[in-house]
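Here is what each chain is made of, one letter per residue.
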Amino acid sequence: MKDHKHDENCHHFLDSLSDYVDGELKAELCQELERHMADCDDCQIVIDTLKKTVSLYKEAAEEPAIPSDVRVRLFRRLKLDDYLGEAQKEVAE
Amino acid sequence: MSNQARIEENFSLEALQNGDPAEFARVVEANSGYVYRLAMKMLQNPQDAEDILQETFIKAYKAFPNFNGRSKISTWLYRIATNEALMFLRKKRPDTISVEVPKEDDGDEIQKPIQIVDWCCLPEAELMSDEAKKYLGESVDQLPENLKMTFILRDIEGLSTRETAEILEISETAVKTRLHRARLQLREILTSYYRERLPETV
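These protein sequence lines map, in sequence, to chains A and B. Heads up: the first sequence begins at 1 in this note's numbering, then just goes up one per residue. Heads up: the second sequence begins at 1001 in this note's numbering, then just goes up one per residue.
Each hint should be verified, as a subset may be incorrect.
DSS-like cross-link-like pairs, simulated, lysine-lysine; straight-line CA separation at most 25 Å [what the hints assert, rightly or not]:
{"#": "1", "chain 1": "B", "residue 1": "Lys1176", "chain 2": "A", "residue 2": "Lys51"}
{"#": "2", "chain 1": "B", "residue 1": "Lys1134", "chain 2": "A", "residue 2": "Lys58"}
{"#": "3", "chain 1": "B", "residue 1": "Lys1112", "chain 2": "B", "residue 2": "Lys1091"}
{"#": "4", "chain 1": "B", "residue 1": "Lys1059", "chain 2": "A", "residue 2": "Lys58"}
{"#": "5", "chain 1": "B", "residue 1": "Lys1112", "chain 2": "A", "residue 2": "Lys26"}
{"#": "6", "chain 1": "A", "residue 1": "Lys58", "chain 2": "B", "residue 2": "Lys1176"}
{"#": "7", "chain 1": "B", "residue 1": "Lys1091", "chain 2": "B", "residue 2": "Lys1059"}
{"#": "8", "chain 1": "B", "residue 1": "Lys1092", "chain 2": "B", "residue 2": "Lys1134"}
{"#": "9", "chain 1": "B", "residue 1": "Lys1112", "chain 2": "B", "residue 2": "Lys1176"}
{"#": "10", "chain 1": "A", "residue 1": "Lys58", "chain 2": "B", "residue 2": "Lys1133"}
{"#": "11", "chain 1": "B", "residue 1": "Lys1112", "chain 2": "B", "residue 2": "Lys1059"}
{"#": "12", "chain 1": "A", "residue 1": "Lys51", "chain 2": "B", "residue 2": "Lys1092"}
{"#": "13", "chain 1": "B", "residue 1": "Lys1059", "chain 2": "A", "residue 2": "Lys79"}
{"#": "14", "chain 1": "B", "residue 1": "Lys1112", "chain 2": "A", "residue 2": "Lys51"}
{"#": "15", "chain 1": "A", "residue 1": "Lys26", "chain 2": "B", "residue 2": "Lys1072"}
{"#": "16", "chain 1": "A", "residue 1": "Lys79", "chain 2": "B", "residue 2": "Lys1062"}
{"#": "17", "chain 1": "B", "residue 1": "Lys1062", "chain 2": "A", "residue 2": "Lys51"}
{"#": "18", "chain 1": "B", "residue 1": "Lys1072", "chain 2": "A", "residue 2": "Lys58"}
Derived from the structure by calculation, the hints contain no laboratory data.
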């Protein structure tokens, strides 16, 4: 009986997890969820791993800028060679 | 407020609409980095990404006379690039799409978390190893197309819900739902990956 109620409770919060992770959950629901998490290890793990998922993708997204040869070919294709800057003109030769 | 005043970075809309090359070059300079990055995330291939990059700015140049300045130029360019990437993926799909990956996923049902494993304790070196980073990039490709686009724009590019809605031409509510479903799916994918790397005693 306890397990069943527990399941329903977790399900009740499922839609709100992203808002919680983003800090956009309404205060009342936020407190309710935090009270629930204090007693529910499973929801705590789901929240922690969901947060970590989002932060890992953000971290991995920081990639180097556009390669200079790609930039030069773009300017050429757009007939903007004159605006490349002298140093860049040789790159994609 | 005039249209011009609403455009960020002080580009002259009038010059752009008149095909002024110097002004267009400034737009290209300021915006090509993220257009390329977006195309790379969506297509996972440098040559395809470069094609999308070039097509985006060719289309933008031709379309400037019809651009009303109500959106930010960056939002407008994101929209062109996203549409180009989607068209590209759709053309390519018959040969390459895996049968296991649905192209669209419009259901409203939020899938319950399946795997309850805490892998957050893994050391940073393991979470962000070269292999893990590669896996992170590839795993986004496992999402249905509409969830993938939303996730890339919101969480990887860091755009707001409103901008993402404008780019994808869907409601803000739809953005939030899709983002949530994308994140839950990726959480499962990453859990499958990282749980294998947990010490056996845990």
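Status of the hints after comparison with the structure:
1. Between the alpha carbons of lysine 1176/B and lysine 51/A the distance comes to roughly 16 Å, so the proposed pair stays at or under 25 Å and holds.
2. Distance hint between lysine 1134/B and lysine 58/A is fulfilled; the C-alpha atoms sit about 14 Å from each other, no more than 25 Å.
3. Between lysine 1112/B and lysine 1091/B the CA atoms are separated by roughly 33 Å; this puts the pair beyond 25 Å, and the hint is violated.
4. Taking the CA atoms of lysine 1059/B and lysine 58/A, the gap is near 29 Å; set against the 25 Å cutoff, the hint is violated.
5. Taking the CA atoms of lysine 1112/B and lysine 26/A, the gap is about 22 Å. The hint holds against a cut of 25 Å.
6. Distance check on the hinted pair: lysine 58/A and lysine 1176/B sit about 17 Å apart at the alpha-carbon level, within 25 Å; holds.
7. Restraint check: the Cα-Cα separation between lysine 1091/B and lysine 1059/B comes to about 18 Å, which is no more than 25 Å; the hinted pair holds.
8. At most 25 Å may separate the alpha-carbon atoms for a hinted pair to count; lysine 1092/B and lysine 1134/B meet this at roughly 23 Å.
9. This hinted pair checks out: lysine 1112/B and lysine 1176/B have alpha carbons roughly 17 Å apart, not beyond 25 Å.
10. For a cut-off of 25 Å, the pair hint linking lysine 58/A to lysine 1133/B stands: about 11 Å separates their Cα positions.
11. Of the pairs offered as hints, the one joining lysine 1112/B and lysine 1059/B is violated, with about 42 Å between alpha carbons and a cut-off of 25 Å exceeded.
12. Between the alpha carbons of lysine 51/A and lysine 1092/B the distance comes to roughly 33 Å, so the proposed pair goes past 25 Å and is violated.
13. A hinted pair counts as satisfied when its Cα atoms are at most 25 Å apart, and lysine 1059/B with lysine 79/A qualifies at roughly 14 Å.
14. With a C-alpha separation of about 16 Å, the suggested pairing of lysine 1112/B with lysine 51/A holds against the 25 Å cut-off.
15. For the hint pairing lysine 26/A with lysine 1072/B, the CA-to-CA distance comes to about 30 Å; that exceeds 25 Å, so the pair is violated.
16. Distance check on the hinted pair: lysine 79/A and lysine 1062/B sit about 13 Å apart at the alpha-carbon level, within 25 Å; holds.
17. For the hint pairing lysine 1062/B with lysine 51/A, the CA-to-CA distance comes to about 42 Å; that exceeds 25 Å, so the pair is violated.
18. A hinted pair counts as satisfied when its Cα atoms are at most 25 Å apart, and lysine 1072/B with lysine 58/A qualifies at roughly 23 Å.
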